[in-house]
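Asks: Read off the chains here:
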Amino acid sequence: MRKRLRIAMDASAAAAIAVDNLVKVYKASTAVDGISFRLPAGSITGLLGGNGAGKTTTIATIMGLVTPTAGTVTVLGADMPRERYRVLHRMNFESPYVDMPMRLTVRQNLSVFGQLYAVADLDDRIAGLAAELELTEFLDRPTGKLSSGQKTRVSLAKALLNRPEVLLLDEPTASLDPDTADWVRGRLEHYRSERNATILLASHNMSEVERLCDRVIIMKKGRIEGDDTPEHLLAHYGRATMEEVFLDVARGTHSELAP
Amino acid sequence: MSVSDSGLEFSVNRVFAMVRRYWYLLRSSWPRILDLIYWPAVQMLMWGFLQMYISQNAGYFAQAGGVFIGAVLLWDILFRGQLGFSISFLEEMYAHNLGNLMM
Numbered sequence: 001m002r003k004r005l006r007i008a009m010d011a012s013a014a015a016a017i018a019v020d021n022l023v024k025v026y027k028a029s030t031a032v033d034g035i036s037f038r039l040p041a042g043s044i045t046g047l048l049g050g051n052g053a054g055k056t057t058t059i060a061t062i063m064g065l066v067t068p069t070a071g072t073v074t075v076l077g078a079d080m081p082r083e084r085y086r087v088l089h090r091m092n093f094e095s096p097y098v099d100m101p102m103r104l105t106v107r108q109n110l111s112v113f114g115q116l117y118a119v120a121d122l123d124d125r126i127a128g129l130a131a132e133l134e135l136t137e138f139l140d141r142p143t144g145k146l147s148s149g150q151k152t153r154v155s156l157a158k159a160l161l162n163r164p165e166v167l168l169l170d171e172p173t174a175s176l177d178p179d180t181a182d183w184v185r186g187r188l189e190h191y192r193s194e195r196n197a198t199i200l201l202a203s204h205n206m207s208e209v210e211r212l213c214d215r216v217i218i219m220k221k222g223r224i225e226g227d228d229t230p231e232h233l234l235a236h237y238g239r240a241t242m243e244e245v246f247l248d249v250a251r252g253t254h255s256e257l258a259p
Numbered sequence: 001m002s003v004s005d006s007g008l009e010f011s012v013n014r015v016f017a018m019v020r021r022y023w024y025l026l027r028s029s030w031p032r033i034l035d036l037i038y039w040p041a042v043q044m045l046m047w048g049f050l051q052m053y054i055s056q057n058a059g060y061f062a063q064a065g066g067v068f069i070g071a072v073l074l075w076d077i078l079f080r081g082q083l084g085f086s087i088s089f090l091e092e093m094y095a096h097n098l099g100n101l102m103m
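Residue numbers (the working numbering), protein chains in the order written: chain A, 1 to 259; chain B, 1 to 103.
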């Protein structure tokens, strides 16, 4: 049985990612409404929520792409977005909604991003990642001619090029078949244990969350509705699966607490 | 190279990464090379030589026309430079690649 981390909520503990009273307002719409959490180094945290809950805005704020309306976001000790350039080379992200240039081959794409990230020994790094992620036969194929599963592996290779300490994943297994999705989860677990990387994972896949995550943060309408380990959330909501917990939160229902 | 105190950051490495990205793109697409290099070169040569001939052999009004052609050639250089920048940005938007470049 995989050992679950019991996450300490102690404010004095060193956190790879620290979000304090984050608020983001887009004109008349409040996307994120005062959320706070701290992610210790080496943890995998799931960020769950329905459409429009604020997950992508939260991740974009952590990446330093979006300026908070209020509150602070700190990644590896750097205030985002003001000091993002101090830590950009130590973090990365992957999202199925962000493509790579389709006319370039996989090798060319990885070369460009490797140079963007100032990766040392870039050719060796690309060869190593290609072998590890089973991309070697696709390296000289245009990215636009790959299947969605293959593109996901290429995106994952891009996200791991600079050996990031913080990895932000927005639905990494969206639209993947179960085999490829399971493969991606295995790679993420391996990477976390190998590098002690901190992974924040936004997902709609509850079984993936149950398998991977040490801790789950459930958001609804820009606020945090639940923040605990999967086991404690299941006990608190009196449910057998995270999907049922998610439905309880999304629908605003709450079963009796388990004895 | 960076200027971190002012919040501005500049990296020669990242600039060359983008040059590399567009070099790969140009290599794979001959219509882009035609549009970017061949046709402007033909125009510059044709109108440039005409302007030189006019400036050496014609009267006042013809020379004024030659000066005008020279100004249009200069404008074409600046215009294509601006076009290249705008299209590059739009290309990244179209490819959904802008998010990747921000990291």
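Don't read these hints as lab results, they were simulated from the structure.
Some hints here could point you the wrong way.
Stated by the list, open to error - Pair ranges (Cβ atoms, derived):
#, chain 1, residue 1, chain 2, residue 2, range
1, A, Glu194, B, Leu83, 39 to 49 angstroms
2, A, Ala28, B, Leu90, 48 to 58 angstroms
3, A, Glu194, B, Tyr94, 32 to 42 angstroms
4, A, Ala70, B, Leu90, 52 to 62 angstroms
5, A, Tyr26, B, Gln43, 40 to 50 angstroms
6, B, Tyr22, A, Ala28, 52 to 62 angstroms
7, A, Tyr26, B, Phe49, 48 to 58 angstroms
8, B, Ala64, A, Tyr26, 46 to 56 angstroms
9, A, Glu243, B, Leu34, 32 to 42 angstroms
What the hints assert, rightly or not - Some, not all, of what chain A presents toward chain B, calculated at C-beta under 7 angstroms:
#, residue
10, His89
11, Arg90
12, Asn92
13, Val98
14, Leu104
15, Leu116
16, Ala120
What the hints assert, rightly or not - Here are a few chain B residues that sit away from chain A, every Cβ distance over 12 angstroms (derived from the structure):
#, residue
17, Met52
18, Ser55
19, Gly59
20, Ala71
21, Trp75
The model shown is predicted, which means the values in this text are computed figures rather than measured ones.
C-beta: ideal position from N, C-alpha, C; glycine also.
Asks: Are the hints correct? Go through all of them and say.
Replies: Outcome of the hint check:
1. The hint said 39 to 49 angstroms for the Cβ distance between Glu194/A and Leu83/B, and at roughly 46 angstroms that hint holds.
2. The hinted range of 48 to 58 angstroms is not satisfied by Ala28/A and Leu90/B, whose Cβ atoms lie roughly 29 angstroms apart.
3. For the hinted restraint 32 to 42 angstroms between Glu194/A and Tyr94/B, the CB-CB distance of approximately 36 angstroms keeps it satisfied.
4. The given range of 52 to 62 angstroms is broken by Ala70/A and Leu90/B, whose C-beta atoms sit roughly 33 angstroms from each other.
5. The beta-carbon spacing between Tyr26/A and Gln43/B, approximately 46 angstroms, falls within the hinted interval of 40 to 50 angstroms.
6. Distance hint check: the CB atoms of Tyr22/B and Ala28/A are about 39 angstroms apart, inconsistent with the given range 52 to 62 angstroms.
7. Against the hinted window of 48 to 58 angstroms, the Cβ-Cβ separation of Tyr26/A and Phe49/B comes to about 56 angstroms, which satisfies the hint.
8. Distance hint check for Ala64/B and Tyr26/A: the Cβ-Cβ separation is about 55 angstroms, which falls inside the suggested range of 46 to 56 angstroms.
9. Our hint of 32 to 42 angstroms for Glu243/A and Leu34/B is violated, since their Cβ atoms are close to 55 angstroms apart.
10. A cut of 7 angstroms between beta carbons decides the hint on His89/A: the least distance to chain B is about 9 angstroms, and the hint is violated.
11. A distance limit of 7 angstroms between C-beta atoms decides the matter here; for Arg90/A the minimum to chain B is near 11 angstroms, and the interface restraint is violated.
12. Below 7 angstroms, beta-carbon pairs count as interface contacts, and Asn92/A has one with chain B at about 6 angstroms; its hint therefore holds.
13. The interface hint given for Val98/A holds, since its Cβ lies 4 angstroms from the closest Cβ of chain B, which is under the 7 angstroms cut-off.
14. The beta carbon of Leu104/A comes within 5 angstroms of a beta carbon in chain B, closer than 7 angstroms, and the hint placing it at the interface holds.
15. Contact between Leu116/A and chain B, as hinted, is supported at the beta carbon level, the nearest pair being about 4 angstroms apart and thus within 7 angstroms.
16. About 12 angstroms separates the beta-carbon of Ala120/A from the nearest beta-carbon of chain B, more than 7 angstroms, and the hint is not met.
17. Non-interface call for Met52/B relative to chain A: holds, since the shortest CB-CB distance, roughly 39 angstroms, exceeds 12 angstroms.
18. Residue placement check: Ser55/B keeps its beta carbon more than 12 angstroms from all beta carbons of chain A (closest about 43 angstroms).
19. Here Gly59/B stays apart from chain A, with its beta-carbon at least about 52 angstroms from theirs, past the 12 angstroms limit.
20. For Ala71/B, the shortest C-beta to C-beta distance to chain A comes to about 36 angstroms, beyond the 12 angstroms cut-off, and the non-interface label holds.
21. Remark: the non-interface label on Trp75/B is consistent with the geometry, its nearest Cβ contact in chain A lying 31 angstroms away (cut-off 12 angstroms).
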